[in-house]
Amino acid sequence: MTAALRFPMRHAGALAVGALLVTILIFPAISDNRYYQTIIILSLLLAIMASGWNIISGFAGYVSLGQTVFLGIGAYTTAILSLRVFGADTFGGDAANPFYFVPISAVVAGLFAGAIGPIIMRTRGHSFVILTIAFLFVMQLIVLNWTELTYGNRGISLPLPTWPREWGNLPFYYIFFGLLLISVAMSWWIRRTKFGMGLIAIREDEDKAAAVGVNTPVYKMLAYVASAIWIGAAGGVYAYYLSFIDPRNMFDIVYSVFVVLAVLLGGRGTIWGPVIGAFILEPVNQITNNNFNDWVPGGIWDANVRLIFFGTVLVLVVLCLPRGIIPSIGDIVKRRREGGKATEVGARFERKPMRVVERAAEEAAEAPAGPILEVRSAEKRFGGVKAVDGVNLSVERGTITALIGPNGSGKTTLFNLIDGTMPLDRGEIWFDGERIDRIAPYRRAYRGIGRTFQITRLFRRMTVLENVVAPLRSFSWLRLGADAVSGPEAERAYELLEFVGMHRFAEREAGELSFGQGKLVELAQILMLDPKLIMLDEPAGGINPTLIAHMEEMVRELNRQGTSFLIVEHNMPLVLGLCDPVCVLARGRTICEGSPAQVQADPAVLDAYLGEDFALEEKAGVT
Amino acid sequence: MTQLIQTIVLGLLLGGVYALLASGLTLIFGVMDVINVAQGALIILAAFMTWAMWSETGLDPLLGVLVVTPAMFLIGFGIYMATVRWIQGKPPSTSVILTFGLALVIEGVMGMVWTATLHRSTPSYFDESFRIGDIYLRKGQVYGCAIAVGVLAILYVILRVTWLGRAIRAVSANMSSARLVGVNPSTVAALTFAVGVATAGAGGSIASVLYPFLPASHYQWISRLLGIIVLGGMGSLPGAIVGALLLGVAETMTQIYISPQWATMVPWAVILIVLLVRPQGLMGQKLREDVAL
Chain F
476 MTAALRFPMR HAGALAVGAL LVTILIFPAI SDNRYYQTII ILSLLLAIMA
526 SGWNIISGFA GYVSLGQTVF LGIGAYTTAI LSLRVFGADT FGGDAANPFY
576 FVPISAVVAG LFAGAIGPII MRTRGHSFVI LTIAFLFVMQ LIVLNWTELT
626 YGNRGISLPL PTWPREWGNL PFYYIFFGLL LISVAMSWWI RRTKFGMGLI
676 AIREDEDKAA AVGVNTPVYK MLAYVASAIW IGAAGGVYAY YLSFIDPRNM
726 FDIVYSVFVV LAVLLGGRGT IWGPVIGAFI LEPVNQITNN NFNDWVPGGI
776 WDANVRLIFF GTVLVLVVLC LPRGIIPSIG DIVKRRREGG KATEVGARFE
826 RKPMRVVERA AEEAAEAPAG PILEVRSAEK RFGGVKAVDG VNLSVERGTI
876 TALIGPNGSG KTTLFNLIDG TMPLDRGEIW FDGERIDRIA PYRRAYRGIG
926 RTFQITRLFR RMTVLENVVA PLRSFSWLRL GADAVSGPEA ERAYELLEFV
976 GMHRFAEREA GELSFGQGKL VELAQILMLD PKLIMLDEPA GGINPTLIAH
1026 MEEMVRELNR QGTSFLIVEH NMPLVLGLCD PVCVLARGRT ICEGSPAQVQ
1076 ADPAVLDAYL GEDFALEEKA GVT
Chain D
3 MTQLIQTIVL GLLLGGVYAL LASGLTLIFG VMDVINVAQG ALIILAAFMT
53 WAMWSETGLD PLLGVLVVTP AMFLIGFGIY MATVRWIQGK PPSTSVILTF
103 GLALVIEGVM GMVWTATLHR STPSYFDESF RIGDIYLRKG QVYGCAIAVG
153 VLAILYVILR VTWLGRAIRA VSANMSSARL VGVNPSTVAA LTFAVGVATA
203 GAGGSIASVL YPFLPASHYQ WISRLLGIIV LGGMGSLPGA IVGALLLGVA
253 ETMTQIYISP QWATMVPWAV ILIVLLVRPQ GLMGQKLRED VAL
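Protein sequences, first through last, are from chains F and D.
Residue numbers for the first sequence follow my numbering, beginning at 476 and rising by one.
Residue numbers for the second sequence follow my numbering, beginning at 3 and rising by one.
These are calculated hints, taken from the structure and not from any lab test.
In this text the structure is predicted, and so the values were computed from the model without any measurement.
Straight-line C-alpha distance at most 25 Å; calculated DMTMM-like pairs for lysine to aspartate or glutamate:
{"hint": "1", "chain 1": "F", "residue 1": "K861", "chain 2": "F", "residue 2": "E1013"}
{"hint": "2", "chain 1": "D", "residue 1": "K92", "chain 2": "F", "residue 2": "D682"}
{"hint": "3", "chain 1": "D", "residue 1": "K92", "chain 2": "F", "residue 2": "E984"}
{"hint": "4", "chain 1": "D", "residue 1": "K92", "chain 2": "F", "residue 2": "E679"}
{"hint": "5", "chain 1": "D", "residue 1": "K92", "chain 2": "F", "residue 2": "D680"}
{"hint": "6", "chain 1": "D", "residue 1": "K141", "chain 2": "D", "residue 2": "D129"}
{"hint": "7", "chain 1": "F", "residue 1": "K809", "chain 2": "F", "residue 2": "E982"}
Generate coordinates for the entire structure from the input sequences, incorporating the hints supplied.
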């Protein structure tokens, strides 16, 4: 999707929500219908919940079915504080005004998220979803059973509002409104920063994100906190609004699912979708609740019919509108507009020489002695299989070292151990004079290891340019808030795309690229890290001969500028022409290491990998 | 001491029934990577069907297994064809959300038909007990466990001996290779889902004698089942059996020695601890794919 195409859609969503918000703002001036006010208040609450959920589940891709836990925590924090801790006489009257404690609710919810987030987000997929449900129920049971603090099943009654009667619920109305504005503004801000782009990268491919320097644990923790705080605040206000809370209604799994449904309706991962979804779903909920008894013969619109109705809607949305209303409309518009346009897929590409990056060149000049990478007796097992069984390998500075061996000999596993995608069972890995096998993958990226994958792994729903800008060379709290794609970085990224010959695709979505194009973009992506060592996993696998030649040329050029290489490749002519030394792996062990000529002559290599035929062919070619 | 033995035996008897119920869930997960959150609601549905037959015709609820199991097989097949089939290959969370929707629908339907009040099948032997020494065992529980073990044995034979069983094991080990050797994964998935729901049918009939139930009880059941398969290792049938026995004992122990209120917490606590400490469970395998993909 090009930027030009994306803007109008974004404006459509923003426009719809803008109009909605203005309507809500002035509605009380137009009408004092209490019934509609109630509907709007509940829709605002659902919208706050939905945009919070959207940060952790829409942006970062960690689907939670327990988001109401933060509503409950917020509600109970405010209720308990106003009644029991700062009870009588603190602020005058029987109980303290609950509004004082709403900020504390936000903080408590945020702290809770910050504490459990890093623990539960070590799991992914099914396990994470189940854990979120489990946490919701555990909290509900704790609140239910800890009667000294929470009154358990009996619930807590809060004081009635003290403001003039004719204001009605308007203070609640506008506080919810304000919380929604803050919440949406925060989502919008997150989405356009480095932090937001990192979250999207985590959603698309978490291990890859870590491999290009995204500090995934911190990102996920912050996202979880961000998704919790405004919900916590809303919980405090909600408790006061209801003036009675109990564990079952405050920690309600069905409401959690309702939140998910709202976001799925509006569009997951978008900024406006959750708001739109909430303002569709909650009014439908309220209107059917209150009016269907008159419409349905026999007046049977009760809790059961509601369950059936919303269960069915949820099933239908998952099956028919998995991406939500806004993104689905976006797709249709996009298809219309691009219908007749020729794509650039398959266009001839040209590349430009790259400006030498100063850091790389300087450091290459004054590098300390010793190999850039050293693997010492590395071991890795999967169940009973020893995939890597005591490998020793070193990559000397400035070399292009090849790692070859039959399928299943442990080459890719070794790569995964070096870049930290998998933990090492035994052994040591040293990089640039430092031991790195115990540090996180993103820290290894900071040290200067860049790695491509056998099957390219780009962030498919980000543009090519965004993909190249995504890598980070260091972590800083301040940089999290920087613009996702900004001046010098964007320039550098464009330059790298020119170097690999993919600059004309800069604005396309990475998912639209062919396999070979993906490999080129992935190379540009890791070059953004200014790596000292580049590890290529089958750079020539599955791409055409012209592209292989280009790939070879680029590797040589980068190598001339001081970058070392470790290359896994099955294309023997390429390996023997480009690399020196060559290291041969078989059954998880190094069986030979030496110059191309030595390796070709080694009987163990011929036996394990190249085969007798290879030697014969070579001889035939020579003579 | 007697009380301790009594508690453990009771836990094991319950565990036998739990094992049957969890086997369906873990089987479905193993073959198609779907966590069927509606399994709890389907158990309650089977319990209601059993209860209705017993109160209308006087058919013994434990014999009701023979009628309810095939009926639930058909319902499972229908649910798969209408919904679950379409989300194969989607992200894992999709299946949880979809089947949660199904659970809500089933809960609503049960509420409409049977109202949200407590029900229980109470055949004549319901409050009679066997006495061995100082230990009393309710007949319902003993018969229920025996039937559950019988059904599990049949399931085991199906998986080991029949073509369907081999196909199920093949698909659950490696779907694309199974396709290559002529197994149609979607047929297998449909049959697996139906078999998985059928076990909920058999187990639900038994459960209608063991516990009072109402439509919303399905949350309690799904929490137990999730606790069991997480503990045993998701997708592992032997793991589900071991997990069920352990959870049955843990639950009765908590009930007797701590308090009934905290017993509902046991499955959730098990889930939290296991997923955080040993995510692959007791007997699940940690595969290469879990580590990096």
